[in-house]
Amino acid sequence: MEFNPIIVKFVYAAIVVVVIMTLCAYAVLAERKISSWIQGRVGPNRTALPIIGGIPLLGPFLTRLGIFQPLPDGLKFLFKEDVVPGHVNKVYFIMAPILSLVPALTTVAVVPFGQFVTKTGEVIPLVLANVNVGLLFLFAVSSLGVYGVVLAGWSSNSKYPFLGGIRASAQMISYELAMGVSVLPVLLWVNAPGKEGTMNLFDIAQAQNGFWFAMWMPLSAIIFLVCLFAETNRLPFDMAESETELVSGFHTEYSSFKFGLFFVGEYAHMIIGSCVFTLLFLGGWNPLPFVTLETLGMDKGILGAALSVGIFLGKMCAMMFLFMWVRWTLPRFRYDQVMRLGWSILLPLSIANLIAYALIIFYLDTAL
Amino acid sequence: MTDVFFYIFSTVALAAGIGVVLSRNTVNGAMFLIGTFLSMAAIFVLLEAYFLAVIQVLVYAGAVMVLFLFIIMLLDVRESAAKKTSVYTWVASVIGLAILIVGTASIVSADSIKTKAAALPEPSGASLKPFGYELFTTYLLPMQVTGFLLLIAMIGVIALSKKLNTDGSAK
Numbered sequence: 000m001e002f003n004p005i006i007v008k009f010v011y012a013a014i015v016v017v018v019i020m021t022l023c024a025y026a027v028l029a030e031r032k033i034s035s036w037i038q039g040r041v042g043p044n045r046t047a048l049p050i051i052g053g054i055p056l057l058g059p060f061l062t063r064l065g066i067f068q069p070l071p072d073g074l075k076f077l078f079k080e081d082v083v084p085g086h087v088n089k090v091y092f093i094m095a096p097i098l099s100l101v102p103a104l105t106t107v108a109v110v111p112f113g114q115f116v117t118k119t120g121e122v123i124p125l126v127l128a129n130v131n132v133g134l135l136f137l138f139a140v141s142s143l144g145v146y147g148v149v150l151a152g153w154s155s156n157s158k159y160p161f162l163g164g165i166r167a168s169a170q171m172i173s174y175e176l177a178m179g180v181s182v183l184p185v186l187l188w189v190n191a192p193g194k195e196g197t198m199n200l201f202d203i204a205q206a207q208n209g210f211w212f213a214m215w216m217p218l219s220a221i222i223f224l225v226c227l228f229a230e231t232n233r234l235p236f237d238m239a240e241s242e243t244e245l246v247s248g249f250h251t252e253y254s255s256f257k258f259g260l261f262f263v264g265e266y267a268h269m270i271i272g273s274c275v276f277t278l279l280f281l282g283g284w285n286p287l288p289f290v291t292l293e294t295l296g297m298d299k300g301i302l303g304a305a306l307s308v309g310i311f312l313g314k315m316c317a318m319m320f321l322f323m324w325v326r327w328t329l330p331r332f333r334y335d336q337v338m339r340l341g342w343s344i345l346l347p348l349s350i351a352n353l354i355a356y357a358l359i360i361f362y363l364d365t366a367l
Numbered sequence: 000m001t002d003v004f005f006y007i008f009s010t011v012a013l014a015a016g017i018g019v020v021l022s023r024n025t026v027n028g029a030m031f032l033i034g035t036f037l038s039m040a041a042i043f044v045l046l047e048a049y050f051l052a053v054i055q056v057l058v059y060a061g062a063v064m065v066l067f068l069f070i071i072m073l074l075d076v077r078e079s080a081a082k083k084t085s086v087y088t089w090v091a092s093v094i095g096l097a098i099l100i101v102g103t104a105s106i107v108s109a110d111s112i113k114t115k116a117a118a119l120p121e122p123s124g125a126s127l128k129p130f131g132y133e134l135f136t137t138y139l140l141p142m143q144v145t146g147f148l149l150l151i152a153m154i155g156v157i158a159l160s161k162k163l164n165t166d167g168s169a170k
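Chains as they are written, first to last, in numbering that gives the first Met the number 0: chain A, 0 to 367; chain B, 0 to 170.
Mixed in with the good hints there might be a few duds.
[Said to hold, decoys possible] Which chain B residues stay away from chain A? Per the calculated CB distances, all over 12 Å, these:
#1 Ile42
#2 Gln55
#3 Leu57
#4 Val65
#5 Ser92
#6 Ser108
#7 Leu127
#8 Ala158
[As the list claims (entries may be wrong)] Example chain B residues on the side facing chain A (calculated, C-beta under 7 Å, incomplete):
#9 Tyr49
#10 Phe50
#11 Val53
#12 Val56
#13 Gly61
#14 Val63
#15 Phe67
#16 Leu68
#17 Lys128
I should point out that these hints are in silico values taken from the structure, not numbers from a laboratory.
Glycine residues also receive a C-beta, built at the ideal position from the N, C-alpha and C atoms.
Okay, chain B solo, but in the shape it has when bound (with noise of 0.2 Å):
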């Protein structure tokens, strides 16, 4: 049954990220990208991490795809004509694709996947407590950097979209 339900949903995952990239019209990209998003989360459902799964749909499905289809509606996305792809294009593509055969590759000949499932540490994205107790003690630093990233990033937005003067003072 589980497996029945895990080859759908990894299906479905795969096909709306296929359809993510291959779209052209914006709507559908963002539409397909809910798509991927929401099979995930039945993913972390059936490996029993519960929270995980209903954050995965609350943050990404509830929220921000809600802003991006907000701002491709705003501005008003036109359908992307075909353009011509560039030799970077290409050479990027090429080696991107090899870095996701090798990465694929180095996870399924890992040890670690055909460990039997008792010998697995306790799931910390099943519940409440060992979330938050694992978030702020062993995963402490890295939630702090990502955080600190997040505001670089919000106050790097703010100053590109803010016109200054040459005296630094806000228009």
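With the rest of the complex left out, here is chain A (with noise of 0.2 Å):
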């Protein structure tokens, strides 16, 4: 039986989606165990469902772990009032929580989470849109997820969320520079002489069979780290929300759902973030430097399949894990710090890194 192709497509985004809300749903239930973890604390560990909650051993276990916790901090968004300040502006007071969350999930369509063998040895990427241009696809869109921090920040027609979306503008320009000349090297690399060139992130992946871009460029993928903790607003960087200078920042004045969707859109750029540096600089679904799955003989099949997608997903956890674990450990830069960092640290140092790899990616290439 046959389908309609783009009927397919949807039903993979829809599933894409759901699964990536859940994982954003299961992040802040993380953050929330780390962060009590590191302070000493027990954190969520009360909420249970009738049934499975009434298991023995088993129910009280999940339960002290808060794994049933995501669901009521979910419905809390949804019942709680929905607050629309009579000084705002309306229409982009509504729109802002709707485009700092669009961009993260639009992003999820050019990032391969694992591959498929068949029998005859093809290799498939399991991606929903396999574009050449995939990593300026994810730098051009999720660059648009700015929009709802300054909206929301202006909209909202009071000083301290006018000052986050300020703040917030200013840092995405700048970090994004770095960001960007930061992964030129790893392209470099990617695209040797004689090759058709290639953005793809599942071509970039595939390329680290042997050392993982973060071994032999370790500048590079410390710059880019840094850039993205910027580009996600996460601590150290968080000047858009600040919490001890601005109240809560640029969504000071939202509530209940709006201010869920701001909320969920800040893990999925996490997310998709971990994902791509995981990408980039971690050997995508390699299990170990060196060893990939067809040198262990376990890549055929559908069960291939899912050992490349868990070994993809248990690296992307363990760099959500850093993002939680560097948050609750520094404390926030000055405003000043931030922008110096960017553009007289940051910028020149990326630049400096990519002339150097630039030419030792000539010489590689041309003597050897």
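Starting from two chains that each stand alone, build the complex the way the hints lay out.
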């Protein structure tokens, strides 16, 4: 039976979005749990579902872990009163939360999350849209996410959100440059002479059968990681929010579901960022440097595909843990420090890094 | 299917373009401009110029317009009051309209638009390699000239915004 390919794509896209949203919900739980462990607290440990929570041993164990917590968290966002203050610009006020979540969910389309190897050895990427300019598409669409923050700050028509929005836009522009330049060495290496030009994330991940790029381009990886923290507005770069000075920054005036959209948007950006870092620098779904699923002989069929997705998700979760670990460990930068770090340290460093790797790769390609 | 999308996106592009010109609120104008850029990128996708489409979004919608909004919000530009249009504006707009009509007519009547798709050269905006190749061979001089123009504009802005002493040193 043949299905209409457009409908099939719609179903795939819906599944991926549902998975991302679930991951967001559990990322919120992980954030609460990890923060509580770091601060020597217990964290959410009371919410229980009627039947599953009643199973002896397993039920209390899951309840302690807070496994059921995301459900009431989500319901809380739905059922709270949605306050729209009288002094806001209504159109942009309502548009802003949507604009902050939609780009994050759109970028998922080009992120591959595994590989499927057929019996004949043909490698099929598990991705919604396997486009040639994947990495650029991702940068382009995720750079639209800043409009959500900026418009929220502006349309709230009050001082603290406005400052948050202004800071966010300046920070985004500053760090996008260094971020873009820092991945260029990776693309230089992937696009060796004689090959067809590619910015496909799947090809980049497949190019890391030997060394992972984080190992022989550590400076690129570090600059990219720092910029990723800045682009996702996470501590120590959460200038847009900085609750100790700006109440709650750009979303001070937001409540209930609109706030929930911002909240989920932040975690969706983190998840996509972790995926991209894994694909660019941590070898994608290769289990270890110089060890691929093929060398282990476990790459064929459904099992191999599940294994590759599992390894990829594992690395992504490790990156998410790093995000949270850093948030609850480091204090926030001052605003001028953020700007100085971006323009006078990271940008020159990434350009020097690019020139150095261009020379090295030129030497490797011509002499060897 | 492609035709339907073309009509949708070109309508949105034109409507948003008119919105940019007509809106008195500067933030509205900026948002309309973003709408124009995005629908133009969509038209590039329909023409299979994926690379150009992505660059359009990345550079114009993602970076240039963020700066625009930043400046608009920082300067706190109020809604501009309706001004009386001067004679020069009228003359200039009539000349501009005439040039636009002549240009459109010449493009529509030209033979190149009727060429069969198979006879057209390989598109160079579709993927990275042909684009980069064309940029650094055929279009090398225009690219260099554009770069210099932008550099001159940047130096001009720095020179204008920096207040200098009479002997030329910075204050």
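Taking the hints in turn, this is what the structure says about them:
| no. | hint | result |
| --- | --- | --- |
| 1 | Ile42 | 16 Å, holds |
| 2 | Gln55 | 8 Å, violated |
| 3 | Leu57 | 4 Å, violated |
| 4 | Val65 | 5 Å, violated |
| 5 | Ser92 | 30 Å, holds |
| 6 | Ser108 | 35 Å, holds |
| 7 | Leu127 | 3 Å, violated |
| 8 | Ala158 | 21 Å, holds |
| 9 | Tyr49 | 5 Å, holds |
| 10 | Phe50 | 5 Å, holds |
| 11 | Val53 | 5 Å, holds |
| 12 | Val56 | 4 Å, holds |
| 13 | Gly61 | 3 Å, holds |
| 14 | Val63 | 10 Å, violated |
| 15 | Phe67 | 10 Å, violated |
| 16 | Leu68 | 6 Å, holds |
| 17 | Lys128 | 4 Å, holds |
When held up to the earlier numbered hints, the structure conflicts with 2, 3, 4, 7, 14 and 15 and fits the remainder.
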